[in-house]
Amino acid sequence: MINVRLFGGLKQHTGGAKRIELAFEDVKSVEDILHTMRIPKGEVGQVLINGTPMESSRTFNDTVSDGDEVDFYPISAGG
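Be aware that the sequence shown starts at 1, since it is given in UniProt numbering, and climbs by one per residue.
No incorrect hints appear here.
Pairwise CB distance ranges (calculated):
1) Glu25 <-> Gly45: 26 to 32 Å
2) Ile75 <-> Glu25: 27 to 33 Å
3) Thr59 <-> Arg38: 16 to 22 Å
4) Asp66 <-> Gly42: 24 to 30 Å
5) Lys28 <-> Ser76: 24 to 30 Å
6) Gly15 <-> His35: 15 to 21 Å
7) Glu21 <-> Tyr73: 15 to 21 Å
8) Ser76 <-> Glu25: 29 to 35 Å
9) Ser76 <-> Ala23: 29 to 35 Å
Just so you know, the hints here were simulated from the structure itself, not pulled from any lab data.
In this text, a Cβ means the ideal position worked out from N, Cα and C, and glycines have one as well.
Use the sequences and the hints to build the structure in full.
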């Protein structure tokens, strides 16, 4: 299983749920998670995999492993 946590406005894609579990067989990369959950890449500001910032910050190609925890934070507005 991949444990996915969503913060801020990204929770709207799960009906308000903050934590979702996805079958590892269905997702192999951060991009797969976004596709499966129907989250537009443009809404994601930061991704952490097991607490570490993702390496390929805008391509979402980082791979995930069974048991990983992936955190998605929205783009924050400045002002």
